[in-house]
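2 protein chains.
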Amino acid sequence: MADTKDYGKPAHARDAREVSHWDSETDVVIVGLGGAGCCAALEARAAGAEVIALERAWKGGGTSAQASGQLYLGGGTALQKACGFEDDPEEMFKYLVASCGPGADEEKIRVFCERSAEHYDWMIGQGVPFKETFLPVEIGTDPYGDDGLSYTGSELAWPFREIAKPAPRGHTAQQEGENAGQLMMDLLLANVERAGVTVLTDALCEPLIMDADGAVVGVVATVGGEEKCIRARRGVILTAGGYIHNKAMLDRYAPVTRRARFRLGCDGDDGRGIRMGMGAGGDAIRMEAACIVVPFSRNRQFVKGVLVNRAGQRFCSEDLYQSLLGEIGMWREDGRVWLVLDDALYEQPQLPTEIAAVGETFEELEREAGVFPPGSLTHTLETYNANAARGEDPLFHKESRWLQPLSKPPFVVLDLTLEKYPFWSAFTLGGLHTLPTGEAIDPDGDVIPGLYAAGRNASGLPAHGYNSGLSLADATFSGRLAGTAAAKRRG
Amino acid sequence: MADTKDYGKPAHARDAREVSHWDSETDVVIVGLGGAGCCAALEARAAGAEVIALERAWKGGGTSAQASGQLYLGGGTALQKACGFEDDPEEMFKYLVASCGPGADEEKIRVFCERSAEHYDWMIGQGVPFKETFLPVEIGTDPYGDDGLSYTGSELAWPFREIAKPAPRGHTAQQEGENAGQLMMDLLLANVERAGVTVLTDALCEPLIMDADGAVVGVVATVGGEEKCIRARRGVILTAGGYIHNKAMLDRYAPVTRRARFRLGCDGDDGRGIRMGMGAGGDAIRMEAACIVVPFSRNRQFVKGVLVNRAGQRFCSEDLYQSLLGEIGMWREDGRVWLVLDDALYEQPQLPTEIAAVGETFEELEREAGVFPPGSLTHTLETYNANAARGEDPLFHKESRWLQPLSKPPFVVLDLTLEKYPFWSAFTLGGLHTLPTGEAIDPDGDVIPGLYAAGRNASGLPAHGYNSGLSLADATFSGRLAGTAAAKRRG
Numbered sequence: 001m002a003d004t005k006d007y008g009k010p011a012h013a014r015d016a017r018e019v020s021h022w023d024s025e026t027d028v029v030i031v032g033l034g035g036a037g038c039c040a041a042l043e044a045r046a047a048g049a050e051v052i053a054l055e056r057a058w059k060g061g062g063t064s065a066q067a068s069g070q071l072y073l074g075g076g077t078a079l080q081k082a083c084g085f086e087d088d089p090e091e092m093f094k095y096l097v098a099s100c101g102p103g104a105d106e107e108k109i110r111v112f113c114e115r116s117a118e119h120y121d122w123m124i125g126q127g128v129p130f131k132e133t134f135l136p137v138e139i140g141t142d143p144y145g146d147d148g149l150s151y152t153g154s155e156l157a158w159p160f161r162e163i164a165k166p167a168p169r170g171h172t173a174q175q176e177g178e179n180a181g182q183l184m185m186d187l188l189l190a191n192v193e194r195a196g197v198t199v200l201t202d203a204l205c206e207p208l209i210m211d212a213d214g215a216v217v218g219v220v221a222t223v224g225g226e227e228k229c230i231r232a233r234r235g236v237i238l239t240a241g242g243y244i245h246n247k248a249m250l251d252r253y254a255p256v257t258r259r260a261r262f263r264l265g266c267d268g269d270d271g272r273g274i275r276m277g278m279g280a281g282g283d284a285i286r287m288e289a290a291c292i293v294v295p296f297s298r299n300r301q302f303v304k305g306v307l308v309n310r311a312g313q314r315f316c317s318e319d320l321y322q323s324l325l326g327e328i329g330m331w332r333e334d335g336r337v338w339l340v341l342d343d344a345l346y347e348q349p350q351l352p353t354e355i356a357a358v359g360e361t362f363e364e365l366e367r368e369a370g371v372f373p374p375g376s377l378t379h380t381l382e383t384y385n386a387n388a389a390r391g392e393d394p395l396f397h398k399e400s401r402w403l404q405p406l407s408k409p410p411f412v413v414l415d416l417t418l419e420k421y422p423f424w425s426a427f428t429l430g431g432l433h434t435l436p437t438g439e440a441i442d443p444d445g446d447v448i449p450g451l452y453a454a455g456r457n458a459s460g461l462p463a464h465g466y467n468s469g470l471s472l473a474d475a476t477f478s479g480r481l482a483g484t485a486a487a488k489r490r491g
Numbered sequence: 001m002a003d004t005k006d007y008g009k010p011a012h013a014r015d016a017r018e019v020s021h022w023d024s025e026t027d028v029v030i031v032g033l034g035g036a037g038c039c040a041a042l043e044a045r046a047a048g049a050e051v052i053a054l055e056r057a058w059k060g061g062g063t064s065a066q067a068s069g070q071l072y073l074g075g076g077t078a079l080q081k082a083c084g085f086e087d088d089p090e091e092m093f094k095y096l097v098a099s100c101g102p103g104a105d106e107e108k109i110r111v112f113c114e115r116s117a118e119h120y121d122w123m124i125g126q127g128v129p130f131k132e133t134f135l136p137v138e139i140g141t142d143p144y145g146d147d148g149l150s151y152t153g154s155e156l157a158w159p160f161r162e163i164a165k166p167a168p169r170g171h172t173a174q175q176e177g178e179n180a181g182q183l184m185m186d187l188l189l190a191n192v193e194r195a196g197v198t199v200l201t202d203a204l205c206e207p208l209i210m211d212a213d214g215a216v217v218g219v220v221a222t223v224g225g226e227e228k229c230i231r232a233r234r235g236v237i238l239t240a241g242g243y244i245h246n247k248a249m250l251d252r253y254a255p256v257t258r259r260a261r262f263r264l265g266c267d268g269d270d271g272r273g274i275r276m277g278m279g280a281g282g283d284a285i286r287m288e289a290a291c292i293v294v295p296f297s298r299n300r301q302f303v304k305g306v307l308v309n310r311a312g313q314r315f316c317s318e319d320l321y322q323s324l325l326g327e328i329g330m331w332r333e334d335g336r337v338w339l340v341l342d343d344a345l346y347e348q349p350q351l352p353t354e355i356a357a358v359g360e361t362f363e364e365l366e367r368e369a370g371v372f373p374p375g376s377l378t379h380t381l382e383t384y385n386a387n388a389a390r391g392e393d394p395l396f397h398k399e400s401r402w403l404q405p406l407s408k409p410p411f412v413v414l415d416l417t418l419e420k421y422p423f424w425s426a427f428t429l430g431g432l433h434t435l436p437t438g439e440a441i442d443p444d445g446d447v448i449p450g451l452y453a454a455g456r457n458a459s460g461l462p463a464h465g466y467n468s469g470l471s472l473a474d475a476t477f478s479g480r481l482a483g484t485a486a487a488k489r490r491g
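Sequence order for the protein chains is A and B. For reference, each letter of the first sequence is one residue, going 1 to 491 in the numbering used here. For reference, each letter of the second sequence is one residue, going 1 to 491 in the numbering used here.
There may be inaccurate statements among the hints.
What the hints assert, rightly or not - With the Cβ distance kept under 8 angstroms, some of the chain B side facing chain A (calculated, not the full set): (1) SER24; (2) GLY76; (3) VAL256.
Claimed, not checked - A few chain B residues that face chain A, going by a derived Cβ cut-off under 7 angstroms, partial list only: (4) ALA98; (5) GLY103; (6) ILE139; (7) ARG310; (8) ALA311; (9) GLY370; (10) PRO374; (11) HIS379; (12) GLU382; (13) ALA389; (14) GLY391; (15) PRO443.
Said to hold, decoys possible - Ranges of calculated distance between the beta carbons of each label pair, as one might list FRET restraints: (16) ILE163/A x ILE163/B: 55 to 63 angstroms; (17) LYS59/B x LYS420/A: 19 to 27 angstroms; (18) LYS420/A x ILE163/B: 53 to 61 angstroms.
Hints in this document: simulated from the structure, not taken from any laboratory. Keep in mind the model is a prediction, meaning the values are calculated, not measured. We put the CB at the ideal spot given by N, CA and C, even for glycine.
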């Protein structure tokens with residue numbers, strides 16, 4: 001087992017010739033039983049393979065079970081239709097390419113969009129419930145209800161609404177509150193057991209085992225304090241999550257992401273699966289990519305507020321989804337962002353952060369805040385108000401439904417800077433380079449026989465730019481494809 | 001030899017056991033005879049090693065010979081002292097860490113700052129002339145004169161002037177015009193010949209040769225149409241330049257950099273050295289990093305102009321060095337940047353780009369331009385003028401010497417957008433991971449015996465953030481260290 005100081009490094013595969021005894025043998029071994037792992041296991045079983053799934057925690061679920069149970073799906077799903085929305089794979093493709101780039105994998109996005117409606121049906125088939133109701137854009141998700149469909153991206157925001165026909169694509173499993181991911185994972189885990197997958201928990205894997213021809217033929221797992229060598233006749237699927245809890249990897253690959261203090265992920269998100277894959281010749285790509293969120297708009301009233309940077313300027317539209325805002329705020333504005341509200345918008349419960357200033361006039365507000373260049377905030381707000389009164393936002397084209405002059409004093413500046421607001425949240429999106437099938441490839445682009453990766457062990461749909469629900473959708477979908485591909489391989 | 005379609009991939013090392021005949025043998029082989037290669041060759045010879053240098057072009061020089069001959073040096077060089085400037089390694093270190101991050105290699109920066117004055121003396125010892133005159137900040141470099149010392153970074157700009165005590169650190173070889181790099185390289189190449197280095201030109205190398213223990217023991221070179229295997233008893237030093245001319249690598253690693261249309265580099269900058277190193281187990285890091293320049297301020301009058309983004313806002317201080325501006329303009333502003341001047345600043349020769357608008361008033365200018373939100377440009381200029389009249393820039397703290405209201409009509413907007421202004425220039429900064437000694441390391445951090453990299457084949461001093469002259473200084477300095485280290489290795 002690697003020392004802590006080696007946590008940034010590849011976990012080199014063991015030579016199969018050094019394995020004196022195989023403790024178990026199966027067709028497909030799955031490393032990590034979160035969203036990707038469960039779906040991989042189910043599809044591998046469905047394709048007739050014997051499956052062993054290894055989970056380092058005492059039970060499966062992983063980060064998917066901590067999530068809000070949102071799946072970013074579209075292209076005309078049954079839920080979209082039931083709620084009266086039109087969508088098609090081409091519009092979804094155009095939107096995702098625009099919002100997940102530059103550097104997004106268009107081939108993966110294409111396959112995902114074409115099969116997205118089918119993936120929804122598959123989830124229904126797994127017993128995951130979705131309520132056939134649409135959560136209106138204006139209401140938002142605070143508190144979480146149990147509506148099935150909502151906007152969880154920037155589809156309605158400029159310029160995206162001009163690039164692709166908008167449709168709501170957030171499909172949330174039905175449960176009151178914001179932990180529908182737990183519900184979804186409980187259902188999937190039960191199905192995994194029922195399908196006859198052998199599940200071993202408290203099983204920490206590392207490293208992979210390779211034969212002399214460079215094929216992955218198994219994995220070393222520590223189970224109950226003992227090292228076991230488990231042979232995989234057809235393949236090993238790495239589905240062990242991202243690396244947001246691995247500081248050595250963040251330092252090495254994603255120094256900007258490391259600045260976000262709220263790290264989204266279960267304890268196991270230490271990048272071990274990625275490092276195991278690298279140690280078997282896999283290529284880790286887009287490792288700098290991350291979902292970065294500045295949570296401020298779950299109470300949708302706040303979208304009617306005004307976000308400003310350290311120059312007292314607006315820097316983007318407030319109706320961009322908060323997972324895109326976070327990236328802009330971190331990369332472009334250095335984490336220095338404030339939200340201005342008036343008394344009509346300010347309501348309890350307030351955002352859990354400091355009030356930087358209160359004032360009866362914009363001038364007083366600006367003076368109180370003491371961080372903006374003289375006159376800058378006042379001008380920004382006066383200009384914003386004058387345009388909002390006409391229903392216009394010539395700077396960033398915020399949708400007219402959110403445009404309302406800040407006219408009721410007192411005015412308030414909420415401090416959302418990285419220093420003061422601890423809820424800047426992040427998880428990593430980089431991982432092993434895979435084909436859309438889930439087959440892991442080396443830096444030459446050659447398939448590593450017997451090695452698959454899915455979920456956050458792989459670089460998936462998003463590169464720079466994220467939409468809520470995309471990681472869970474990508475994880476479950478890519479897990480399915482990898483499970484099928486591994487089961488069908490003749491090793 | 002790799003096919004064009006494989007240009008994005010590692011060039012795998014050949015197994016020494018497959019080499020039936022060594023055509024030549026020496027202590028140290030150098031691949032690429034630009035700035036890094038020449039300095040490596042000279043220091044390897046000085047340490048007593050026999051050296052063969054292989055250059056793919058008909059003569060050495062590489063991209064260094066196309067450069068302006070600026071070396072970013074400091075910490076109290078003889079030239080700084082002669083011109084009356086104080087500097088010390090600690091202030092230089094603080095500045096470089098701030099301007100080359102996040103993700104910059106602090107250990108390399110430390111070594112560089114401590115030995116920077118000595119590196120200047122070494123260059124003098126090589127016969128490279130530097131005129132002991134300082135080019136005043138206000139004059140700039142259009143046309144190029146032959147002054148030795150100038151500011152080539154953002155040392156005087158905010159916030160850097162508060163982070164570290166500013167000093168001019170651009171040391172330019174003495175020659176009228178902007179091609180002092182050619183002079184420097186001609187001198188170094190002559191010294192290389194004189195030192196008894198065996199130089200083979202028209203020699204295209206690929207791949208490296210490794211023995212069964214994983215040590216690099218030579219290189220395959222095609223010379224005069226024939227493949228030669230050249231044995232290196234002590235080591236091979238890769239100094240073959242960056243990859244700005246390799247579109248497959250740009251797509252893979254640096255999709256943002258690829259947008260810059262003016263690619264700075266000689267024909268040989270196809271990343272071959274980096275790919276050879278990767279093919280011997282080397283780790284390529286910070287591959288997304290690049291120097292991106294929007295050249296607009298060689299005529300320093302233009303620093304008194306106002307740069308605006310598509311929202312008609314200023315987005316940074318105009319006195320940031322143009323190689324930092326380029327990064328901000330590309331990464332933060334999507335390449336959409338305009339420069340506003342008044343008739344007092346507008347002079348011939350003008351920047352070679354389109355005039356987006358001319359107007360007798362700011363309102364007319366904004367209307368003519370037709371790209372800014374109504375009122376935005378007018379407000380930006382009015383605010384700028386009011387503050388400039390008081391010698392202040394509360395937004396971005398531009399130095400007072402550059403602050404002058406735009407008050408003499410007609411006013412003009414110059415179009416510097418990526419679409420219209422073809423001079424957005426770039427070269428790559430990512431490369432093989434090396435220790436400060438130049439020893440190449442693998443993803444585990446283990447040294448690959450016999451393999452060294454320097455110059456743009458390595459990831460050197462700058463990560464995100466560049467200062468003019470840093471690449472040439474880094475190349476020549478890192479080349480020297482690698483040459484010494486390779487010569488002293490006992491293979």
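Checked hints:
no., hint, result
1, SER24, "30 angstroms, violated"
2, GLY76, "30 angstroms, violated"
3, VAL256, "6 angstroms, holds"
4, ALA98, "13 angstroms, violated"
5, GLY103, "5 angstroms, holds"
6, ILE139, "30 angstroms, violated"
7, ARG310, "9 angstroms, violated"
8, ALA311, "5 angstroms, holds"
9, GLY370, "12 angstroms, violated"
10, PRO374, "6 angstroms, holds"
11, HIS379, "6 angstroms, holds"
12, GLU382, "9 angstroms, violated"
13, ALA389, "14 angstroms, violated"
14, GLY391, "14 angstroms, violated"
15, PRO443, "5 angstroms, holds"
16, ILE163/A x ILE163/B: 55 to 63 angstroms, "40 angstroms, violated"
17, LYS59/B x LYS420/A: 19 to 27 angstroms, "59 angstroms, violated"
18, LYS420/A x ILE163/B: 53 to 61 angstroms, "22 angstroms, violated"
Hints 1, 2, 4, 6, 7, 9, 12, 13, 14, 16, 17 and 18 from the earlier list are contradicted by this structure; the remaining hints agree with it.
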